[in-house]
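Got chain A sorted already, so can you dock chain B onto it with the hints?
So you can see what is in the structure, the chains are spelled out below.
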Amino acid sequence: MQRFFDQDLKALKEQILAMGASVEQAIELAVKGLIERNPELLVQVQELEKQIHLTNRKIDEACMQVLARQAPLARDLRLVLAIIKINADLKSMSRQAANMARSAKHYLKGSPLKPLIDLPQMAELTRSMVRQSLSALVKTDVALSQTVMAMDDSVDELKNKIVAELTEMMKQDSEAVDRAVNLIMVARNLERMGDHATNIAEGVVFIASGVDIRHGSQQSVS
Amino acid sequence: MGNSTHQTPTSRPVKAEVKSLNFHYGKVQALKDINLRIPDKSVVAMIGPSGCGKTTLLRCFNRMHDLYAMNNYDGEILLQPEGINILSSDVDPIEVRMRISMVFQKPNPFPKTIFENVAYGLRVRGVKRRSILEEQVEKALKSAALWDEVKDRLHNLAFNLSGGQQQRLCIARALAIDPEIVLFDEPTSALDPIATARIEELVNELKKEVSIIIVTHNMQQAARVSDFTAFMYMGELIEFNETGTIFTKPAQRLTEEYITGHFG
Chain A
0 MQRFFDQDLK ALKEQILAMG ASVEQAIELA VKGLIERNPE LLVQVQELEK QIHLTNRKID
60 EACMQVLARQ APLARDLRLV LAIIKINADL KSMSRQAANM ARSAKHYLKG SPLKPLIDLP
120 QMAELTRSMV RQSLSALVKT DVALSQTVMA MDDSVDELKN KIVAELTEMM KQDSEAVDRA
180 VNLIMVARNL ERMGDHATNI AEGVVFIASG VDIRHGSQQS VS
Chain B
0 MGNSTHQTPT SRPVKAEVKS LNFHYGKVQA LKDINLRIPD KSVVAMIGPS GCGKTTLLRC
60 FNRMHDLYAM NNYDGEILLQ PEGINILSSD VDPIEVRMRI SMVFQKPNPF PKTIFENVAY
120 GLRVRGVKRR SILEEQVEKA LKSAALWDEV KDRLHNLAFN LSGGQQQRLC IARALAIDPE
180 IVLFDEPTSA LDPIATARIE ELVNELKKEV SIIIVTHNMQ QAARVSDFTA FMYMGELIEF
240 NETGTIFTKP AQRLTEEYIT GHFG
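Residue numbers (numbering that gives the first Met the number 0), protein chains in the order written: chain A, 0 to 221; chain B, 0 to 263.
Source of the hints: derived by calculation from the structure; they are not laboratory data. Hints are not guaranteed to be accurate.
Stated by the list, open to error - In silico SDA-like pairs for lysine to any residue, Cα to Cα no more than 20 Å straight-line:
1) A:K108 with A:I183
2) B:K141 with A:R2
3) B:K248 with A:C62
4) B:K206 with A:F3
5) B:K248 with A:Q6
6) B:K206 with A:C62
7) B:K248 with B:K206
8) A:K57 with B:D226
9) B:K206 with A:Q6
10) B:K206 with A:D5
11) B:K206 with A:F4
12) B:K141 with A:F3
13) B:K40 with B:K248
14) B:K207 with A:Q6
15) A:K9 with B:G243
16) B:K248 with A:F3
17) B:K207 with A:K57
18) B:K248 with A:I116
19) B:K248 with A:Q69
20) B:K207 with A:D5
21) B:K248 with A:R2
22) B:K248 with A:R56
23) B:K206 with A:Q69
24) B:K206 with A:R2
To be verified - Cβ pair distances, simulated, as ranges:
25) A:L80 with B:K40: 30 to 38 Å
26) A:L72 with B:R128: 48 to 56 Å
27) A:E13 with B:R11: 23 to 31 Å
28) A:T139 with B:D91: 51 to 59 Å
29) B:S161 with A:S127: 47 to 55 Å
No residue lacks a Cβ here, since even glycine has one placed at the ideal position from N, Cα and C.
Pulled out of the complex, with its shape left as it was, chain B reads as follows:
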């Protein structure tokens, strides 16, 4: 059902374009002919029942599946404006991850100081000058709304932070490399409601600068934070449209049944 009517619910410029994407875990097909345009500087939420393929699709965007030899991509994800196919074997996955960073379900800071966690991506990129590192780390921590809480203890271990703070640290780490897209994989499922609200506010701020794709089990979160919503089911993209439309008058019966709690 991934037909062309789902591709572009907006006239906004496109940041990434998924074209005829199929994905296999060994012999199991997890994504079936996905066509989707990610609008620039907006939040796209992916919803659907467990196993629908939303996380698999998210992971394609920064080549996370390359880590296992049996995984197989077929199709393209074109990163605009140049139109390079980030799934191509000619393209270095490390380069892709510099442009498209990811925040995971559970906060996963490195066993390093707060400062070194945020500076990590910059060091991989070869930045050595202390002044540049300090400047970028401060900027990223401010963007992640964490600076005021940690500025006096930048050289403490990251593990001493609370869960919500650790997740914002991971967001700062993802932002420090100035990515064009940030992927969020259920970023608040391990957090309490207050920490969740802060991350959602943050996502709303960040979209002024970057495109965001967020996978969430929490339908209300998708409704709150996203501009566009993609509903997936059994490896297919069923419907993609403006979030306001998806949650008030979805076009597909399956979407309606899922969001009204009739299955999933």
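Isolated chain A (complex conformation):
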């Protein structure tokens, strides 16, 4: 039986998806602005962040309405709770994209430190994690969310590699420190975004099974 509050739940999922698409776009713009040395693109990231924050508030309000008016239970309750958390994850990601754009802006004040190879790869992986975690949410696809969780290891490895390489450069040349620090900040923010995408994927498992797998635990807290 189609229930009229299914429309509310569908609308919530659609809003979250649109927000996720904006976050993806923000990552893309920040990294593209850095690689193509185009500050205009970095300004767009800040604009996007404002829009995302507005959507974040709308989704919070909509979730409160659904909880108050429909008193959802079981799978429906888990979905709304997961959406509240995912909403917060996406908002953090938009802030991290804005941080990336700021670091990139500072980096662009100097000449290029090195050819950027690992960072774009890391950004692509992170974007893909965002896209696939939300796709898993829409389809309640546990297998896909597990794929996303596995991708996070690759993101972490890339970040460690980038940090090690830049640390070495700083040791050799103090002139490189400012620029290297900014690139490390970009990598650090991308790595955090991967963690948030992982949270989203864990949320999908919670919706599907009711099991909370955060922090590597499958045991009940009670």
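Coordinates of chain B only, in the frame set by chain A:
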């Protein structure tokens, strides 16, 4: 406390306007200076503890209180767009009930066939042509989401239907006369959860065509089905606003206490 800030929580057109309404059962005052605008094509829920006056107010809308000589209305309910005061003694209550129909707490079909139950209001109105009756009965049963279940037994007695079906039959009977407002007085309190869900879905569909006022003891039902909620207490309208606001951030302390279960 029925002040003007409660009157219009929306820019939607107004279907009915309650103005300075007081009502007495003999010497007992049951409604105190009620001011309220019912928005068109939406669902208004009335909530409040037993004896708060919500059913009394609902019954004013189709002059149910006229049946007892000691009852006394004072004030107006203006039915829009013409603005006629349906409480005026010049206005025929039968005419009012043709425009504002009612569904009661317990399903109360007439001891007649399914078809004749739905056709009853049309016959009172003087409709005699079989083809028109058949057409209207089918339309009303479809609107009440009952047609598919009864179309092959329209001439069976209505009492053979289940409780949920009987209530949908009463809704079809209320709809057959093409009313502008339908009043629901605790329409699901005698039904099981599945039948309740069907009636709630139905209310959600019907509001596309008519204005609906529903009195309910079930606060969660008010939260689910209504667009606007009026909270009443001891004969007064305490707060009237969009349902989403009433159930998340009510303006009045009394409303907050009632919906969080601190009294009532």
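How the hints compare with the structure:
no., hint, verdict
1, A:K108 with A:I183, "16 Å, holds"
2, B:K141 with A:R2, "18 Å, holds"
3, B:K248 with A:C62, "14 Å, holds"
4, B:K206 with A:F3, "13 Å, holds"
5, B:K248 with A:Q6, "23 Å, violated"
6, B:K206 with A:C62, "24 Å, violated"
7, B:K248 with B:K206, "25 Å, violated"
8, A:K57 with B:D226, "19 Å, holds"
9, B:K206 with A:Q6, "16 Å, holds"
10, B:K206 with A:D5, "18 Å, holds"
11, B:K206 with A:F4, "16 Å, holds"
12, B:K141 with A:F3, "18 Å, holds"
13, B:K40 with B:K248, "24 Å, violated"
14, B:K207 with A:Q6, "16 Å, holds"
15, A:K9 with B:G243, "18 Å, holds"
16, B:K248 with A:F3, "23 Å, violated"
17, B:K207 with A:K57, "26 Å, violated"
18, B:K248 with A:I116, "52 Å, violated"
19, B:K248 with A:Q69, "16 Å, holds"
20, B:K207 with A:D5, "18 Å, holds"
21, B:K248 with A:R2, "26 Å, violated"
22, B:K248 with A:R56, "16 Å, holds"
23, B:K206 with A:Q69, "18 Å, holds"
24, B:K206 with A:R2, "16 Å, holds"
25, A:L80 with B:K40: 30 to 38 Å, "34 Å, holds"
26, A:L72 with B:R128: 48 to 56 Å, "50 Å, holds"
27, A:E13 with B:R11: 23 to 31 Å, "25 Å, holds"
28, A:T139 with B:D91: 51 to 59 Å, "58 Å, holds"
29, B:S161 with A:S127: 47 to 55 Å, "54 Å, holds"
Figure legend: structure checked against the earlier numbered hints; hints not met, in rising order: 5, 6, 7, 13, 16, 17, 18, 21.
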